[in-house]
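**Q** The opening residue of the sequence shown carries number 1 in UniProt numbering; numbering runs sequentially from there.
Just so you know, not all the hints are guaranteed correct.
What the hints assert, rightly or not - With a straight-line cut-off of 25 Å between C-alpha atoms, the simulated DSS-like cross-links for lysine-lysine are:
hint, residue 1, residue 2
1, 1163, 1024
2, 385, 114
3, 68, 47
4, 114, 408
5, 47, 385
6, 226, 237
7, 815, 795
8, 48, 99
9, 234, 213
10, 42, 68
11, 1148, 1136
12, 181, 237
13, 565, 795
14, 237, 513
15, 541, 490
16, 485, 114
17, 213, 226
18, 1146, 1106
19, 47, 25
20, 1151, 1106
21, 1136, 234
22, 25, 114
23, 48, 907
As the list claims (entries may be wrong) - Restraint-style ranges between C-beta atoms, simulated for each label pair:
hint, residue 1, residue 2, range
24, 983, 317, 43 to 53 Å
25, 759, 682, 26 to 36 Å
26, 43, 380, 24 to 34 Å
27, 545, 858, 28 to 38 Å
No lab work stands behind these hints: they were computed from the structure. All C-beta atoms in this analysis are idealised placements derived from N, C-alpha and C, irrespective of residue type, glycine included.
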Amino acid sequence: MAIDDVEYNSGISSYKEETRPLCIKTHSRPSNNRYDQLEYNKGSLLKKYPRFGMKDFVATDFFDEIIKKIFIDGIAKDTFVRNYTFDGSKSLKLAIRYKRGPQDYLSNILPDNKTLLFKGYVSGNYFIVDGVSEQYNEELLPYEVECRIARYDDESRVSGAGGNFLYDLADAAASLNEHTKQRLQEWKDYIEWRRTIVQKRMHGVRYTSVESKDGNLAFTLQFPDKDSYDVEAKWLKRGELAAYDGKEYSDEDGNFVYNEERHRWNEKFEPVGSQIRRLSKEGREVNGHYEIELVYAVPDNDEIDEMTDEEREEYVQNQLLPRYSSIGFLAPLVIKDLSLFKRLDRAVSDLQQDRDCRSPNMAMWIFDVTRARLPQPQDRQEWEKRVGDNWLNTSVADNPDQREAIFKMLEAPDLCLIQGPPGTGKTTVIAEAIYQLARQGNRVLLASQSHDAVDNALDRLANRSEIRAIRLSERDRDRDEERSKFGSSKALSTYYGTLRQAVTDRFLAQWNKNRQDYNDCERELRDIQHVTADLEYLNHKLTEQSQNLEDYRRSLSTAESTLQKMVEENSEHENTKRQYMNFKGMAERNEISGGDFYIPSAMGDVVAPLFWQLIRNAAEQGIMLASSVSEDVIRREPTLSISRIATSCGVLFALREKLSVAAQNATTDADIAKLKMQDIDEQIRKITDQLAEVDDAGIRKELKDKRNGLREEKEKLGESGAFVLSPEELTLFDEERKAKIQSAEGQAQMVQLLSNVETAYQNAIQESLSRMSEVIESYQPQDVEPLLEQVKSHKGQIKQLKEEMQRKREEIAAKEKLGETLSDKYRCERSEIESHIEAEMSRLDEEWNRDASIRQVWQGTLERFAERLGDSKTAKYDKEYHEDIYISSCNVVGITCTANMRDLDEKFPDFDVVIIDEVSKATPPELLPPLMRARKTILVGDHRQLPPVFNEYEKSYNELLEEINAETDEDDDNAAEMVLREEDLNKYRTMVTSSLFREYFEQGDERIKHSLLTQYRMHSDIQKVINRFYDGKLESGVMEDENRTKAHGLKVTTDKGESFLRPDSHAYWVDSSRLQGKLMEQSRYQGSTSLHNIFERHIILSMLSKINDAYAAMGQSGVTVGVISFYGSQVGDLRKAVKDMRSRGKLKALKVDVNTVDRFQGKEKQIIITSLVCNTKRGNASRHVAAFERINVAFSRAQNLLIIVGARELYSGLAVPIPRMDTGEIRSARIYQNIIDDIARNGALIAGETLIASEDAQAIMEEYDKEAKER
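Based on the provided sequences and hints, a complete structural model is requested.
**A** If you want it as structure tokens, here you go:
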């Protein structure tokens, strides 16, 4: 009967209508781990449901007693029976699920929605139980038969009723194992095919020595003759080899042999890298053998790539070479996989025969995920209560997307599926799930295809004492295992560190904190109690100081005023002296009448009598020196007054000279008039010159008026022929004198009179100078130094007082702030602070006293214990004595999917949950061994990333299929060796191209699967590219802050001076289609199936140089750059070139990792540069660059900057098959064209030719043409 039948077992109804007698007991013979299985089941139930342990059971009769309590002797019970019988089974394999009743035995032990499943076999009248597990208490499932059973201790009750009814039921009901039979056989066929592939490659060549050569491995290989070498050369050049120990892998005749059984537990081999043909020597004949040296690279290692030549040589000599046998065999690395295939085959057989499978329900869902049980509705509330605030990472608790994933992972009964696209926190979620599961008492097996994925998750758990973890490796000396803090060599030390931290946090730190808090409370109480008094005192002192400050300011103001007056007086005296000296000098030079002088007003009393006497005497003679000036005016304004007198004297003395000259030279009045007119002409000329230089309107008017007056005077002289005084001269004489001057006699008298005035004027000047000198000599300058010191002192006192007052104000503010702070801290009014502090002190005291007995006994011990745990020597010493105890108590175990699961048998026979990461990269049989180790399975991966690979070739299905097609024209020997026929690959296509995870995810119920769709790795520009592979469903969790956290900050120009990289753009496409108008095609080295692209290599090297220089100019270093290609040949060329640049100091600002896309899954870098390589005239590309999973992985490694280097002309027209996320329906999409269009709209589509200098372009063309000719 087929299980897929909708009416499966529905017609079998007679078993529920009448009660069937049955004897039930547990299996008592410890064989095939059945007894151990019951012991494990017992431990699991007690751990999860401690109430089982409260019953009065004998330890050895634990489950027998439970059976008797549930199935009371002679009382009918409703049950559901499943058939697990398989072909070739010696007994019927069944399972009985108890249907819970109201207030039954399990009511106070299990939740109402849980029951027990009893799994075992039929023997005579008995059902022998060899496994017990919890199950959901749900109604009849499609693959079950409902039965009413009455258990009897008396076996005759069963035989008397016609025998054990389970025989009849098993004949009528289909077996779950029948459902899996066909699919499991397909798996076995696939495994056998893979084994055949490896066996066909069972070559081994003896090497007689291995040494270091330029940081590489040089093997001297020995062949019977040259022809033998030629036969083996092809696979030797292919690489993917290992050096096998000469003793362990040779037969009696010294030939290579691989004994699977012999080497399963102690395989001795070391991998080697690809061959470096340019370093190989020619062969030679030696003692009848043909020997040749072949040089191979050391195995891939990120650390080696960063080494200098000297460091690399030292590493090879001191660390690598000692691992290799001095004499041994070079053989394909994949030979070791024969053991793997045997383990996989055994796992399939175990599932077929229901042997050693810890998952009671796996047969139900492994090929039909729709039959996996679903969480019950009430589980969510129970889960929320159980988890509470206990989170490993609180960000997960606050993230609805990740929180939902955790819920499903913990509550799915059989299977949970988590899809983790790039950067969505998959590892964070795994770590959180492990933590929650361990907290609930579960033992978790963490498996993955790679050690890195396991280590990454375990590292997140390193500091939690609830976690006791270990990462097991296939070989004790595995370098990955040694680097892991949870590897067997470090696990105990890591746990000691975690335990030390836990002891400190749980006890010592809390006790210390309690006393610290108490001391703080005491201080706060003292402070708050003194605050009022302190504030009163401080405010009083501040008031006093304010008064003192005002007093000092008044004193300072008085002193400064007095000082200012004294300084001004001294300055005035000095100024008077300078003015006197100036006046004296001008007087001596007879320059007073036209000079610029100043007589201080204080000298008015000195000079006034003298010059007033001069004015009076001149007036008596009819001469008006200063008609409006009085003695008082002279006293008030000595300078102005004397200036007027001097001016008048100057006019008079000039008149005197003219009169004297006229008297000597002229005999008539006409001559005098003529002379007078000449004088007037001269004055008019001077006034005209002055008008040319003066701009002031008032002065110009005055000058013009004066000039007009002179002209009128000249005109009168011309008419009368008489002597005429100028207007200026007229003002200086009274009328009598004006009349007398017209006669010769009067003019002669005037000359004498004016001479007398001049003498009197000079006497007045000299006497004034004499008297002023006496006054000045009497001046004594005042001493201001004492007053200056007084001012300085006052200012210093004021400054000091201000500083003291500021400190007082700050102290007052601090006191007032203390009240505010404590009020906020204790959430109370200021008046209530003291009482709240006292209450807190009481609480702390109570807490301190509560732990007093523990502290008195244990504090010293715990301190010494923590100190010992922190000593690295402790773990080293304890390893010998306690390592086994620690390992057996581990609740988290990490392992690879392909590891030998028998390594788990002794210490870890069963797990509650297995979490398998990177599940999409594993073929179904590779998942089976870890799946069978646990009751429940969580699969984590992304079926839109890399598919499974063939380990023996490190290539995917599509790559191998392409390689087969490319080799169809190769020689017959190669065709005979290659058993990867296209028809075989097509036969197993579904298994090796579409993971089991994808099948599950597309068919599984929403309640047991979840997609993490918020990414935190990359800038949204890059996410936009990646979203092409996720139907646009990815969301950014960093967009709000991405311009800071995901900034690359680069400003780089092309060699043509055009903009290349900009800070505001994060995704670029560099077109490598053409150089100098020529199509730059892909290349293939002779004898190689891999591709490379010369032009793209040079573009990438140019970009690396420019990016490095830009970061160096910004002062940045350590920027991580990943260079990815789909082709090993391109990777090899780029690695050599990058190493050369590094050796020349060209990449000091960057940390560059060059590798294939397969090696980059799980990694991330700040900058990713992807080389697509393919470019042909035909416009076609290899299949795997059109595989969306590989494109996705290559592009999604970038955090801040993605640069795609590829031939736009080719990729624009390339169609990429891609399934829809929701339905799995395959559609053909021009992914590359869409990406290019998006990038172009952002102005980030760059011609590769612009990144190459003109002189370099010619060299590239020459290299390209040369290789084309060689091809």
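**Q** For the pair supplied as a hint, residue 565 and residue 795, confirm whether the alpha-carbon distance does not exceed 25 Å.
**A** holds, 19 Å
**Q** Between the alpha carbons of residue 1163 and residue 1024, is the straight-line distance 25 Å or under?
**A** holds, 19 Å
**Q** Kindly confirm whether 26 to 36 Å is satisfied by the beta carbon distance between residue 759 and residue 682.
**A** holds, 28 Å
**Q** Residue 48 and residue 907: Cα distance at most 25 Å?
**A** Distance of about 20 Å is within 25 Å: holds.
**Q** For the pair supplied as a hint, residue 48 and residue 99, confirm whether the alpha-carbon distance does not exceed 25 Å.
**A** holds, 20 Å
**Q** Has the given pair, residue 181 with residue 237, been kept, meaning a C-alpha gap of at most 25 Å?
**A** With Cα atoms ~42 Å apart, residue 181 and residue 237 exceed 25 Å; violated.
**Q** Are the Cα atoms of residue 237 and residue 513 separated by 25 Å or less?
**A** violated, 67 Å
**Q** Would the pair residue 25 and residue 114 pass a check requiring their Cα atoms to be no farther apart than 25 Å?
**A** holds, 22 Å
**Q** Given the hint that residue 42 pairs with residue 68, test it: the Cα-Cα distance must not exceed 25 Å.
**A** Roughly 16 Å between the alpha carbons, so the hint for residue 42 and residue 68 holds.
**Q** Against the 25 Å threshold, does the CA-CA distance of residue 47 and residue 385 hold or violate the hint?
**A** Between residue 47 and residue 385 the Cα gap is close to 18 Å, so the pair holds against 25 Å.
**Q** Would the hint linking residue 114 and residue 408 be met if the CA-CA limit is 25 Å?
**A** Distance ~18 Å between residue 114 and residue 408 Cα, so the pair holds.
**Q** Is the hinted range of 28 to 38 Å satisfied by the C-beta distance from residue 545 to residue 858?
**A** violated, 57 Å
Figure legend: structure checked against the earlier numbered hints; hints not met, in rising order: 7, 12, 14, 15, 16, 27.
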